[in-house]
Structure formats: structure tokens, C-alpha cells
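In case you want the letters, here they are:
Number of protein chains: 4
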Amino acid sequence: MESQTKTYSKLSGIIPPMITPLLGSDKLDTIGVRNLVEHLIKGGVSGIFILGTTGETQHLSIKLREELIRETCQAVDGRLPVLVGITDTSMSESLYLANVAAECKANALVAAPPYYFALGQPELYEYYQALSEKCPLPLYLYNMPSHTKVMIEPDTVKRLSELPNIVGLKDSSANGVYFHKLLHIMKDDPDFALFVGPEEMMASVVLMGADGGVTGGANLYPELFVDLYNAAAAKDLNKIAELQEKVMQVGEALYGIGRFGSSYIKGLKTALALKGICCDSLAQPFNTFQMPEKQKVQVALMQLETLLKN
Amino acid sequence: MESQTKTYSKLSGIIPPMITPLLGSDKLDTIGVRNLVEHLIKGGVSGIFILGTTGETQHLSIKLREELIRETCQAVDGRLPVLVGITDTSMSESLYLANVAAECKANALVAAPPYYFALGQPELYEYYQALSEKCPLPLYLYNMPSHTKVMIEPDTVKRLSELPNIVGLKDSSANGVYFHKLLHIMKDDPDFALFVGPEEMMASVVLMGADGGVTGGANLYPELFVDLYNAAAAKDLNKIAELQEKVMQVGEALYGIGRFGSSYIKGLKTALALKGICCDSLAQPFNTFQMPEKQKVQVALMQLETLLKN
Amino acid sequence: MESQTKTYSKLSGIIPPMITPLLGSDKLDTIGVRNLVEHLIKGGVSGIFILGTTGETQHLSIKLREELIRETCQAVDGRLPVLVGITDTSMSESLYLANVAAECKANALVAAPPYYFALGQPELYEYYQALSEKCPLPLYLYNMPSHTKVMIEPDTVKRLSELPNIVGLKDSSANGVYFHKLLHIMKDDPDFALFVGPEEMMASVVLMGADGGVTGGANLYPELFVDLYNAAAAKDLNKIAELQEKVMQVGEALYGIGRFGSSYIKGLKTALALKGICCDSLAQPFNTFQMPEKQKVQVALMQLETLLKN
Amino acid sequence: MESQTKTYSKLSGIIPPMITPLLGSDKLDTIGVRNLVEHLIKGGVSGIFILGTTGETQHLSIKLREELIRETCQAVDGRLPVLVGITDTSMSESLYLANVAAECKANALVAAPPYYFALGQPELYEYYQALSEKCPLPLYLYNMPSHTKVMIEPDTVKRLSELPNIVGLKDSSANGVYFHKLLHIMKDDPDFALFVGPEEMMASVVLMGADGGVTGGANLYPELFVDLYNAAAAKDLNKIAELQEKVMQVGEALYGIGRFGSSYIKGLKTALALKGICCDSLAQPFNTFQMPEKQKVQVALMQLETLLKN
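Protein chains in written order, with UniProt numbering: chain X, 1 to 310; chain U, 1 to 310; chain Z, 1 to 310; chain E, 1 to 310.
Please note that a few of the clues may not be correct.
To be verified - Okay, the calculated bits of chain Z under chain U, using three or more residues with CB under 8 Å as the criterion:
{"#": "1", "segment": "9 to 19"}
{"#": "2", "segment": "175 to 186"}
{"#": "3", "segment": "204 to 218"}
{"#": "4", "segment": "254 to 263"}
Calculated from the structure, these hints are not laboratory results. Just so it is clear, the structure is predicted and the values come from calculations on it, not from any experiment. C-beta: ideal position from N, C-alpha, C; glycine also.
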């Protein structure tokens with residue numbers, strides 16, 4: 001098992017948390033999946049992460065999640081690493097999805113803690129230990145305390161990183177102290193990958209040593225985020241300043257329309273639909289934007305496209 | 001649809017949130033299910049609620065949940081109403097379970113809000129509206145904010161109660177102000193049932209007009225809880241004082257061993273195993289008690305049985 | 001010290017958490033204090049609690065708090081016990097106020113935990129131990145987790161109750177499980193008084209053994225709350241049902257206007273001003289209601305007075 | 001008023017949140033204040049911030065806070081800007097302290113939101129508007145949601161920044177998304193200063209445009225933090241990597257001893273006492289470290305001094 005890990009090469013760069021293209025609440029938009037995969041590959045991303053929070057995973061049936069894994073892996077066809085979210089409150093369902101992912105030749109798995117009962121740190125360690133032992137692919141931890149009600153504390157991450165099949169972590173806590181503690185505590189383990197979720201923080205943590213971003217906005221404008229990552233990796237601070245400003249404007253224009261908790265996903269899906277890439281349906285209990293919000297997205301998109309051309 | 005509801009007669013009394021007897025993490029203890037059902041029926045309960053929080057539902061695969069519905073309904077065989085929890089983040093999976101329940105001739109469904117994304121009140125209303133329209137059986141709301149991160153506010157309950165297929169609510173918030181607001185706001189709708197989860201509060205809210213309790217301890221000592229409910233319904237305050245004291249001692253002795261978040265479920269399952277009713281396995285990520293904790297449960301049980309005989 | 005405590009006779013009944021009549025943000029309405037004290041005494045309350053949450057204490061300067069203690073004690077003039085809130089993040093200021101209270105012949109002190117840093121249970125024990133040792137009057141604990149970010153756990157209450165100068169607790173958590181655990185854990189200490197804050201829960205917990213209520217609505221309608229307490233103490237369940245309904249209507253009509261966090265205090269103060277008892281000013285950062293809200297209070301008051309006459 | 005602001009020149013760099021040297025719970029260590037001020041000035045800091053969270057302000061009496069203002073301003077004697085925390089739940093007390101600060105020729109004021117009642121955003125705006133109008137010195141906002149239960153949202157900051165007397169913000173939320181939104185929303189107002197509290201994040205946000213850090217560790221090792229700030233301001237990424245590592249080791253060694261909420265302050269005070277700078281007393285309810293913890297601090301200090309020499 002140990003040797004297997006050593007052969008897994010660490011990822012870096014932008015790995016978009018792919019939205020799930022849907023034709024209806026629990027019906028996959030398979031053409032949308034293909035279009036979106038092409039859009040992302042053309043945009044220069046380093047991998048694709050399906051079935052995360054941005055993918056509305058918890059609102060999808062296990063069957064639809066399975067279908068999405070199959071369709072995405074087929075569409076990607078080995079051109080890029082595919083990371084598959086297996087987060088679920090039932091370990092059986094997580095392992096079922098893990099096996100589907102392996103069968104479809106995905107490259108890695110990603111799991112947030114169970115999110116109904118909040119686990120303590122010792123239980124969290126045991127959970128990931130048990131999960132990783134049964135996972136047929138390398139596993140990334142996914143820290144997402146606003147949804148799971150628990151942080152995977154730095155000490156727990158450190159201990160988990162010593163298990164052969166755990167290869168990295170994605171942090172969506174937005175907590176800068178936490179992320180810098182991770183960078184510090186993991187500094188002697190260069191094979192362990194640290195990705196950040198919130199796009200607003202990506203450049204600054206890559207400057208400090210992070211491996212990349214799992215940034216939602218990269219669904220829409222993959223090149224912009226790849227360019228910002230590259231500038232941060234190259235420590236080109238002038239370029240960062242210019243591109244960071246554009247990234248902030250994307251979020252400001254698109255993620256707060258309607259002021260729902262789900263505005264961010266709705267904004268992204270509506271924008272992708274307006275660009276002809278995929279359908280804008282959401283899984284229940286979220287609803288697609290109504291016409292007034294759609295028009296706001298359209299206006300925002302036009303302004304952003306002008307901005308991004310410069 | 002409207003007429004169907006009118007024919008559903010309101011429940012009252014003690015409806016235990018049944019623990020899920022397991023032989024292993026995702027393997028049902030079918031003999032345990034039968035034994036436990038007989039134990040509960042013999043104890044005089046008014047119904048059985050499966051697949052709630054005490055049932056470790058979120059840690060069970062959909063397949064095991066389905067199996068539990070079938071086994072329980074078969075074991076009960078129409079002697080009592082069976083209420084089936086369909087809480088899930090995916091509405092498709094909730095409806096799948098709802099249909100299994102209807103097919104097995106269960107009597108009603110129970111659903112807490114989706115628990116990954118926390119919904120606002122308008123979204124919560126729409127969620128329950130959509131769910132209840134597609135449910136083949138009457139639906140109970142399940143307020144469980146510590147796990148779902150949202151309260152179903154009294155105004156939302158009032159609006160939802162006007163839908164034809166929503167017949168009651170179980171509140172596990174432990175919030176006494178909330179529960180008394182529900183009693184007040186629903187006072188002109190005598191068909192809407194209000195049950196409380198925490199057993200410590202049961203007698204006091206039944207005195208004030210609640211319909212009963214979905215009390216975890218009734219898995220172990222159903223008669224005790226039925227007696228306390230009956231005393232409260234009969235407004236026999238001396239009897240209440242005597243039995244409430246016993247209920248408090250059960251919790252004090254059994255629910256805090258080991259000081260895990262899951263101590264309450266572990267204590268109940270270990271005690272039921274020691275009484276020969278079912279196996280003490282828990283679904284991952286929870287673990288069965290080790291020997292020192294089991295011995296504490298055994299000592300507690302012996303003291304409680306002496307107490308309850310008097 | 002121990003003997004001193006034994007001579008303090010336990011309180012019971014309704015002890016209103018008095019609003020602080022103000023002429024401006026930090027200027028006491030001394031005529032209002034006198035009127036309000038007479039209104040409360042005429043209403044049959046068992047004591048008066050000044051400088052609690054309803055009294056906007058944290059928004060008042062130490063100097064104004066001192067003035068309020070002096071004016072209230074003078075106005076009450078020994079006719080009733082006066083309880084003085086000394087809650088502060090600085091123990092020096094708490095003790096200063098405690099000494100003012102003793103000098104003015106107040107009867108007891110009330111203190112919630114410090115509320116900037118949230119203390120752990122051992123620190124909380126030490127805090128109250130140190131405070132009570134230096135307090136010249138008996139001390140009540142005040143559990144108020146929504147403001148202080150910490151519960152005084154039942155085990156901590158039990159340990160603190162063994163100190164000679166700690167004589168009771170007021171619980172404003174609204175947590176019914178917590179309150180019933182207190183009733184259980186303190187059942188062998190009949191001298192320790194347990195009061196509940198939220199008026200919606202008062203009757204139900206008095207039925208189960210609580211000593212009374214520190215209910216905000218009693219500022220406005222003291223007789224109503226005294227009658228409800230008396231009915232609960234006499235276990236007259238028909239009377240309780242009738243009066244509980246009226247109490248719920250008071251809150252429904254008055255506490256939600258404008259939907260601020262401070263609506264409850266604003267509603268009470270505006271109603272008292274409309275009844276000619278005291279001025280309706282609030283301490284900054286809260287603002288007095290504007291005309292549209294005042295008119296809503298006036299309409300509500302008229303309906304309530306009709307209701308209460310029946 | 002507007003013109004006055006224009007003459008206030010924006011601060012940048014390291015402004016330590018000074019611990020409050022105490023001889024006992026509410027007794028100032030005036031020699032310690034002088035020693036510490038010299039230590040900080042020698043360390044090259046850009047200003048000194050007294051009466052923040054690290055200063056245990058809420059646990060100090062108003063009288064002691066006043067004494068600290070006088071002693072610090074006298075000790076600094078105009079060599080550096082002094083920023084004075086006036087955070088209090090009572091606006092009268094805040095303004096009293098603000099006037100003491102002005103009289104002592106301090107340079108600016110700092111205020112977190114009131115922390116007993118949590119205010120909504122409109123109330124927060126009004127609070128700061130009223131406060132700043134009456135403040136005789138420029139005012140910094142202080143975002144500290146873990147203690148105050150409320151974020152000062154970016155839109156509220158933007159609106160407040162347009163008031164003449166509000167000149168900057170210190171953010172101690174640790175939320176990287178929030179801080180980058182502030183950098184973005186305030187980018188067209190170069191006179192508005194943005195400081196970060198947590199030292200772990202300081203270099204990364206200064207790289208992205210922040211003005212400096214109000215970093216607790218700078219009490220102990222001011223040069224280290226000044227050097228790190230200078231490296232970040234100069235965008236010297238190799239130097240940053242080297243110094244950031246040292247900063248992380250300081251925190252790892254000193255801030256978690258004993259695992260109290262207050263370990264960070266206790267570690268700093270004990271270390272300063274061991275270096276002979278000031279006494280290690282804390283204000284109640286916090287306690288000074290016992291001998292075993294003191295010895296751990298001593299060992300940590302020796303290792304850190306070796307590390308910092310290299």
C-alpha cells in the first residue's frame with residue numbers, strides 16, 4: 001500500500017469543483033457535462049473535481065452521482081486527473097462511490113467528514129483511517145466546517161497524513177490561521193498536497209506555499225484562475241494584483257444575486273447556461289433563478305467579459 | 001388528497017424512536033428488530049418511529065434503511081402505527097424511502113430538513129411543500145436544529161400545517177420557548193399533532209397540551225415512559241413527580257458514559273444487548289462500547305432495575 | 001458564613017427583571033423608577049430584579065447602574081426583596097456594584113458569567129467561587145448562554161450550590177432539558193432556588209418544581225404573571241390553560257414589532273410609556289421605536305387590555 | 001471635521017496589541033508598562049495598541065484602563081503613535097475612555113462592536129456613526145466576531161469608511177475571504193488602513209495589500225514581526241519564507257500550553273516575566289500559570305531564542 005502511494009504524483013494548480021449540469025432536479029445533463037469538461041480542459045485546468053459542495057452533491061441521488069462519475073470520466077478520457085467526491089454520512093455509500101470511481105479510472109477521491117452527527121477529533125481520525133483503508137484510490141481530506149460543523153484540526157491532519165492512502169487536503173473553511181498552520185505543520189511532507197477552496201484567498205496562500213485552488217469560479221472562467229495560479233506560483237506580484245482584482249470582480253458581480261445561501265451556485269449555473277455550455281437547472285431544494293435574477297446575471301456577464309478582455 | 005388526510009387519526013402517547021439493531025456496521029440484526037418490536041409493543045407504546053436520529057439513520061445505506069422498513073413493518077404486522085423517517089439531503093432518496101414505506105403499509109412519514117446546506121425559512125417551506133405533495137403517506141415535520149443547523153420557525157410550521165398532507169411535528173430542539181409557541185400557534189388546529197423528543201421535557205409539555213413524546217429511553221423501558229405519559233395526560237401530578245424522577249435517573253445513569261456525542265445511543269444499545277433484546281453494534285463512524293464502558297452500563301442497569309421495581 | 005446563608009429565606013413567585021426607565025441614553029428616569037416600582041408592588045410580585053438583560057444593563061455606565069440601585073432600593077423601601085444584577089466582565093466593577101447594593105440594603109445579587117471571553121467549566125467554577133467569597137450578599141447564578149456563549153453546566157451548578165453564599169439560579173437558556181436536569185440534580189437541596197427566565201416556559205416548569213419566574217412581561221402586566229404563577233403553584237391546570245393563553249398573546253402582540261433583536265425590550269418600554277408609567281427611551285445602541293412601531297404597540301395594547309379584562 | 005481627517009496620516013507596519021502588565025487582578029504594573037514600552041520601541045514597531053483583547057481589557061475596571069492610558073502615553077512620550085481601545089458595551093464608558101485618551105495625547109481610538117447583545121448590520125452602522133461623531137480622535141473599527149458574535153460586513157465597513165472620523169479597521173476574524181473582500185472593496189480609498197490581527201496571516205495579507213499587523217507575538221519578539229512585515233512590504237519572498245517559519249514556531253511553542261482559551265495570553269505574559277520585562281499576573285477570571293506550565297514556557301523560550309539567533 002505504501003509503495004502505491006509513492007507512485008501517486010502530487011497535483012498542483014487549479015482543479016475546479018465542477019458544478020453538476022442537470023436537466024431537472026435529479027436528471028443529468030450529459031451533453032452539458034461533455035461541454036463543460038471541454039471548456040475546463042481548454043481553460044488549462046490541472047484536474048477536475050466532481051461531487052463537491054459546488055456540485056450540489058448532497059442533493060443528488062446515489063444513482064445520479066454514479067452516472068456523473070461515469071459520464072465525466074468518459075468525457076475526460078484520461079486527459080486530466082479526475083477527483084471524485086465520496087462525501088456521505090453513510091460509509092457504505094461512500095465506498096460504493098469510491099469503487100465506481102476506481103472502475104471508471106478516476107484518479108483520486110475526496111471526502112469531507114460525515115455531516116449529521118458532528119464527530120470529535122478522535123472519532124474523525126478513526127473515520128478517515130477506516131475509510132482510507134478501504135478506498136481503492138488515494139484520498140484527499142476535505143475541511144468544510146460550515147457544512148459539517150467540525151474542523152479537521154491540524155494535529156489530526158498531521159496524523160492522518162501518515163496513513164499510506166491519504167495524499168492531501170482541500171480546505172474550504174476560509175480560516176487563514178488554520179491554513180497557515182497546515183502549511184507549517186506539513187512543511188516536512190512535500191508529498192502532501194494542500195489546496196484551498198475560496199478563490200479570494202487562493203493567490204495569497206499559493207504565495208505562502210499552497211499547491212493550488214479548488215475554486216468555484218474556475219467553472220466559468222478557467223483561464224483566469226489558471227493565470228492567477230500561475231502568477232502566484234511564479235511569484236509575479238504585479239500580475240497577481242491585476243488578476244486578483246478581476247477574480248474579486250467576478251465574485252462581486254455573480255455570487256450575491258438574490259442573496260440566497262445558494263446564490264453562488266445559482267450565479268455560476270445561470271452564467272454557464274447563458275454561455276451555452278450547460279443547462280441551468282438545480283437539484284431540489286434549490287431553484288433555478290427567475291427571470292429578474294437571470295437578467296442580472298446577463299448584465300453582469302457582459303460587463304465581466306469586457307473586463308476580462310482587457 | 002384533502003379527504004385522505006381527514007381520515008388520518010391523530011396519534012398521541014409514546015412513540016419510541018427505535019434504535020436500529022445491527023450485526024455490524026451496515027448489516028441488519030433482523031432477530032433484534034423482531035425482539036425489539038415485541039418489547040415495545042408489550043411496553044404499551046402508541047406507535048414505532050424508525051429511521052430517526054436515535055436510529056443512526058444517516059450512517060446507514062439506503063439499502064439497509066429499506067430493509068429495516070420491510071422488517072419492522074412485517075414484525076409489527078399492523079398491531080401499531082409505524083412512522084418511517086425519510087430524512088435525507090436528496091429528495092429522490094427521501095421519496096424512494098417514502099414509497100417503500102407505503103408499499104410496506106407503514107402509517108406515516110417523518111422528515112427533518114436537509115442537513116448539509118442550511119435552508120432559509122422560505123426555502124424550507126418550499127422543500128416541505130414539494131416533498132409532501134409527492135409523499136404517499138401523511139408527513140410529520142421533524143425539528144432538529146443541532147444536526148440540521150436550522151429551526152423550522154413557528155410561522156413556517158403554521159403555514160405548512162395548512163397543506164393537506166402535513167399532520168404533525170416532532171421537536172427535538174429542547175427549546176421550551178419554541179415548543180410553547182408551537183402549542184399556542186397551533187391551538188386552533190386540533191388535528192395537528194405536536195410531539196417532543198427530549199424525554200426530560202415530555203411530562204411538562206404534555207401537561208401544557210402536547211400530544212406525546214418520541215423519547216429515546218422508551219426503547220429500553222417502554223412501560224416507564226408510557227406510565228409517565230399517562231400520568232401527564234391524566235394530570236396526576238404526584239404520579240408525574242415519582243415517574244419523572246425515575247426517567248431522570250435512567251438518563252443520568254446511561255446516557256453520559258464515555259462522554260462521546262454518541263454516548264446516548266451507545267448506552268441504549270449496550271443496555272438492550274445486556275437484556276438480550278438485540279446486538280450492540282453501531283454503524284460507522286460510531287463504535288460499540290469497550291469492556292470498561294460495558295461494565296459501567298451493566299452496573300447502571302442493575303441499579304435501574306431495582307429502582308424501577310419500586 | 002454558612003450560618004448566614006441559612007438565615008436567607010428562599011424566594012419564590014414572580015420577580016420581574018425590571019426594565020430601566022431612562023430619560024435619554026445614559027440618564028435615569030427617576031420618576032419612572034418610582035412609578036414602575038409601585039406598579040409592580042401593586043401587581044403582587046415577590047421581588048424586583050434590577051440590572052438584568054431586560055434592564056439593558058450592559059449598555060449603562062457603572063455610574064448609572066449605581067444610581068438605579070439607590071433609587072430602586074429607596075423606592076421599594078423594604079416592602080419587597082430587591083435583587084441586583086452585578087454581571088460585568090470586570091470582577092472589580094461587579095464587586096463595586098455588589099457593595100453599593102449591600103449599602104442600599106438590597107437583598108441579593110445576580111451574576112451571569114463574563115461575556116467577552118467565554119470561560120470553560122473549571123474557570124467558571126473558580127470565577128463564581130472567587131466572586132461569591134467577596135460578595136456581601138447572597139448570590140444567584142444567571143445562565144444566559146445566548147449572550148455569554150457558555151452554559152453553566154448542571155454539574156457546575158451542583159458544585160457551586162455547595163458554596164455558602166450561592167443561593168439559586170436564574171436560567172434564561174430556554175433549554176428545557178437543561179432546566180429539568182437542574183430540577184433533578186438539585187432536588188435534595190430545597191434551599192437552592194431555581195427560577196426560569198422565559199415567560200412562555202414558566203408555568204410548565206413551576207408545575208415540575210421550579211420556584212418561580214423572572215419574566216419580562218411582568219413589567220407590564222404583573223398581576224397576569226402572578227396569577228399564572230399562583231395557578232401553577234396550586235396545580236390548577238384549567239386556570240393555567242386560560243392564563244398561559246393570555247401570556248402567549250402578550251408576547252405575540254408586543255415582542256416582535258420591527259423584528260429587531262431588541263424588539264422585546266422596545267415593545268415593553270413603549271407599552272409602559274403609553275400607560276404613563278415611565279419614559280420610553282433606550283440606552284444606545286438601541287433606539288426608541290419610531291411612530292409607525294409606536295402605533296402598532298398602541299393597537300396591540302388596546303387589544304390586550306380587552307383580552308385581559310375577560 | 002473632514003479636513004481634520006485628511007491630516008491624520010495612515011499607519012502601517014507592526015502595531016502590537018500590548019498585554020497589560022499587572023501586579024494583581026486589578027493593579028497595574030507601572031514599571032512593567034515602562035519596560036514593555038521600551039522593549040517595543042527598541043524592537044522597531046510602528047505604534048502601540050493598548051486595551052485590545054490581548055490586553056485583557058474587558059476584565060479590567062474602567063479606573064485601571066484609565067491608569068493604563070495615562071502610564072502608556074507618558075512612557076511613550078510621543079515617540080510613537082498610541083492607539084487606545086475603547087471597546088465597551090456602554091457607550092458612555094467608551095466615550096469616557098476616548099476623552100482620557102485625547103487628554104493624554106494618544107493618537108487614535110479602536111472599538112469593537114458591543115459584545116453582550118449582538119447587533120444587526122444597520123444597528124452596527126448607527127452605533128459606529130454615533131460613536132465616531134463624539135470621538136475626539138480618529139477611530140479604527142475592530143472586527144472580532146468570536147467575542148462579539150457579529151461580523152462588521154464589508155458593505156458596512158465601506159459605508160462607515162465614508163464618515164470623516166473612521167480611518168481604518170483591524171480584523172481578528174481569521175477569515176481570509178472577509179479580509180480579501182475588504183482589500184477589494186476599499187481599494188479606491190488609499191487612506192483607509194487595513195490591519196490584520198492573527199500573526200499567522202500577516203505576511204500573506206500584506207503581500208496582497210494590507211497595511212500591517214496587530215500581532216500579539218510582537219509583545220515578545222517585536223523585531224521578528226517587524227522584519228517579517230518589512231519583508232512582506234518589500235515582497236521579498238525568500239525572506240518571508242524564513243521568517244514566517246519562525247513566527248509559526250513561536251506560536252506553536254508558546255500559545256497552546258495548558259490548552260485554555262487564555263493560553264495565548266498566559267504564554268506571552270509568562271515569557272515576558274521570564275525575560276524580566278514585566279510581572280506575569282492576569283486579571284480575574286484568568287489565572288497565572290502554575291509551576292509546571294511556567295517550566296514549559298521556560299524550555300520553549302530557550303529553544304526559541306536559539307532559533308531566532310540563527
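Results for each hint:
{"no.": "1", "hint": "9 to 19", "in the structure": "violated (count 0)"}
{"no.": "2", "hint": "175 to 186", "in the structure": "holds (count 8)"}
{"no.": "3", "hint": "204 to 218", "in the structure": "holds (count 5)"}
{"no.": "4", "hint": "254 to 263", "in the structure": "violated (count 0)"}
Violated hints, listed in ascending order, are 1, 4; each of the other numbered hints is respected by the structure.
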